[in-house]
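Chains as they are written, first to last, in my numbering: chain A, 1 to 162; chain B, 1 to 381.
What the hints contain is simulated information worked out from the structure, not anything from laboratory work.
Treat the hints with care, as some may be off.
No more than 25 Å apart at the CA atoms, straight line, and that leaves these computed lysine-lysine pairs for BS3-like [stated by the list, open to error]:
id, chain 1, residue 1, chain 2, residue 2
1, B, K225, A, K42
2, A, K46, B, K45
3, B, K142, A, K42
4, B, K24, A, K67
5, B, K225, A, K27
6, B, K90, B, K14
7, B, K40, A, K31
8, A, K31, B, K45
9, A, K43, B, K81
10, B, K24, A, K31
11, B, K276, A, K42
12, A, K127, B, K142
13, B, K81, A, K92
14, B, K111, A, K31
15, B, K111, B, K90
16, A, K127, B, K24
17, A, K143, B, K297
18, B, K142, A, K43
19, B, K126, A, K27
20, A, K27, B, K360
21, B, K276, B, K344
22, A, K31, B, K142
23, B, K111, A, K67
24, B, K40, A, K42
25, A, K46, A, K67
26, B, K40, A, K43
27, B, K24, B, K111
28, A, K67, B, K40
29, B, K276, A, K31
Note that the structure is a prediction, hence the values are computed from the model and not measured.
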Amino acid sequence: MISKKVILTGSFGVGKTSLFNKFVYSKFSDKYLTTIGVKVNKKVIKVGGEEMSILLWDIAGEVSQDKVPVSYFLGASGIIYVFDLTRAVTTKNMKEDIEYLRRLLPNGVIKIVGNKSDLVGQDIIEKVIAELALPCDLVTSAKTGENVEELFTIIGEELLVA
Amino acid sequence: MQSLESYKYDRIKKHAQFILIDMKGNLVDSCNSLFETREKETEVKEWMPLLESIVNQVLLLEMDSPELFLPKIQAPMQELKGFYDFSFSKIEMDERQFILWIIYDNTKIYKDFFSYQQNRNELVLKNQRIGVIQSVLQTKRKKLNSQIQRLNRFGTIKRNYYELISSNDQNENRNGNTNYNSSQVNEETTSYITEIESTISHLQDVVEELVILTNVKDISAFETKEFQICSLLNQIVQNLSGDSNVDFNIFVHSDIPEQLIGSYIYLKQIIIGLMKESYKLESNGLIQINLNPIKLKSSENSLLIEFKLSGEDSTSRPPLSNYVTGNGIMNNSLLNYGSELELKLSIIQKFVESHDGIFKCESNNKYNLLVAFSFPYERID
Ligand SMILES: Nc1nc2c(ncn2[C@@H]2O[C@H](COP(=O)(O)OP(=O)(O)OP(=O)(O)O)[C@@H](O)[C@H]2O)c(=O)[nH]1
Ligand SMILES: [Mg+2]
């Protein structure tokens, strides 16, 4: 079976662990427990009729990506860069962060995801996305599950051809 | 005395596990200080998803490669439930090459670090979140105000519109026809209606944002702090009263402590909102505020705050609407929020009810008004 390492990264409190838990365990909690370092787990998904094992790394949020230990990125095929739709500051370093991650992973799949869509109305989502330095690939909610499965399917499909 | 060297050796042994892996990724040897490897699979990548995802890269390490160090790994496998640092390096032993994998158990250190990071992040998160919602609310409020101002400028059209409606009502009574005669609906009336519609939909947005705000639990508006409830009330009365002729009378039941812990900003906002509306309704007369204890399931200590307007100065204003006189029964249609008073009251109602409190509002003659709501608090012991 093909297996791919995918990293969830971004600023703290944006919902990386929540997306991880929703995807791997179908669970969500409103309580915030910050991540120290990294937690890894896997889930097998089906893409293009084939099984793929996603080895998901949920890492501690950092305001700027160059603070994340470089060793965490070793062997990664994909990165999900998460920001919080309710906190504009979590998009502030997006451009520099993505450039940095691109340099680390020149051939990797990188997705930009706005999370916590359940907390804001469509108008706010549109406003926030319009002001981003880079286009947003998907809007998710770890709470309602909106676009969570879809996110990993999209990544899986791109990793299959990459 | 134990030598420092052996002390160090003991410590490292206790808090670290050394594992030797061959260049195919199979277990060769291990000093089992942290967990037992005897029952484990030979291929180390089977032990944990973390290894599975990096083992190929680890096996590519060269003798002169720097050590590969992965800090702060949380609960990587069943037997390791704390926080660990992993180090991988290529070594030579008896002329054979291996990967030396060292697992350092730093659970204790990282647990302290966790509490520090948790507190720091929670605080930042709280402040940032309220910031976004407040800024959105502010733009909405501005837009709403300008729409209301435009509405007010439509004075004559409004009169025409009402005339149109009433003549239409008469027609309707005569022939039971509910459709407007299209020639009667002139352009100005249409734009007035459009304006009303957009204002109403905007009002709806504002209310919805406020409801979101009340649902976002940990925001600073609901942060509790120690304060004196009487001085809060007196302070608001003094700040707002200006040169009005309204008399305020505040009654506080003796069971209610002077100093208490509760959501100060939340209470302050409600009281200011109510007082401002009271001044609009009452230019003479008396406003009575009562604080009494009340038993509620949702919290150990609660007080009931009653706001009573005598309605003596009633000649100068229209009667209160059905929303107010109907005990604040929420009707989802925003068309019922005829005035700012009703909008404010229904927002307060949503605020209070979303925190499992009670809210009441009534008027027995359409001019006097009683608004009552519960406020949970903690005693200082
Ligand atoms: N309403 C809502 N809340 C969410 C969502 N995702 C996360 N949260 C909440 O946001 C807070 C932070 O979520 P986490 O998943 O711990 O954030 P994180 O990015 O892992 O944070 P760090 O580990 O500190 O970097 C928690 O209180 C979650 O319950 C979401 O989609 N909707
Ligand atoms: Mg986390």
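Here is how each hint holds up against the structure:
1. B/K225 <-> A/K42: 44 Å, violated
2. A/K46 <-> B/K45: Holds: A/K46 and B/K45 sit about 22 Å apart, inside 25 Å.
3. B/K142 <-> A/K42: 49 Å, violated
4. B/K24 <-> A/K67: The hint is violated at about 33 Å.
5. B/K225 <-> A/K27: 33 Å, violated
6. B/K90 <-> B/K14: Satisfied, since the Cα-Cα distance of roughly 23 Å is no more than 25 Å.
7. B/K40 <-> A/K31: Roughly 35 Å between the alpha carbons, so the hint for B/K40 and A/K31 is violated.
8. A/K31 <-> B/K45: Measuring from Cα to Cα gives roughly 33 Å; hence the hint is violated.
9. A/K43 <-> B/K81: 20 Å, holds
10. B/K24 <-> A/K31: 43 Å, violated
11. B/K276 <-> A/K42: Answer violated: B/K276 to A/K42 is near 58 Å, above 25 Å.
12. A/K127 <-> B/K142: 17 Å, holds
13. B/K81 <-> A/K92: Roughly 35 Å between the alpha carbons, so the hint for B/K81 and A/K92 is violated.
14. B/K111 <-> A/K31: Status holds; Cα separation ~18 Å.
15. B/K111 <-> B/K90: Roughly 30 Å between the alpha carbons, so the hint for B/K111 and B/K90 is violated.
16. A/K127 <-> B/K24: 52 Å, violated
17. A/K143 <-> B/K297: The hint is violated at about 28 Å.
18. B/K142 <-> A/K43: The given pair, whose Cα atoms are some 48 Å apart, is violated under the 25 Å limit.
19. B/K126 <-> A/K27: 23 Å, holds
20. A/K27 <-> B/K360: Distance ~38 Å between A/K27 and B/K360 Cα, so the pair is violated.
21. B/K276 <-> B/K344: 10 Å, holds
22. A/K31 <-> B/K142: 34 Å, violated
23. B/K111 <-> A/K67: 20 Å, holds
24. B/K40 <-> A/K42: 19 Å, holds
25. A/K46 <-> A/K67: Measuring from Cα to Cα gives roughly 34 Å; hence the hint is violated.
26. B/K40 <-> A/K43: It holds: about 21 Å lies between the C-alpha atoms, which stays within 25 Å.
27. B/K24 <-> B/K111: 35 Å, violated
28. A/K67 <-> B/K40: 35 Å, violated
29. B/K276 <-> A/K31: Distance of about 37 Å is beyond 25 Å: violated.
Checked against the numbered hints listed earlier, the structure breaks hints 1, 3, 4, 5, 7, 8, 10, 11, 13, 15, 16, 17, 18, 20, 22, 25, 27, 28 and 29; every other hint is satisfied.
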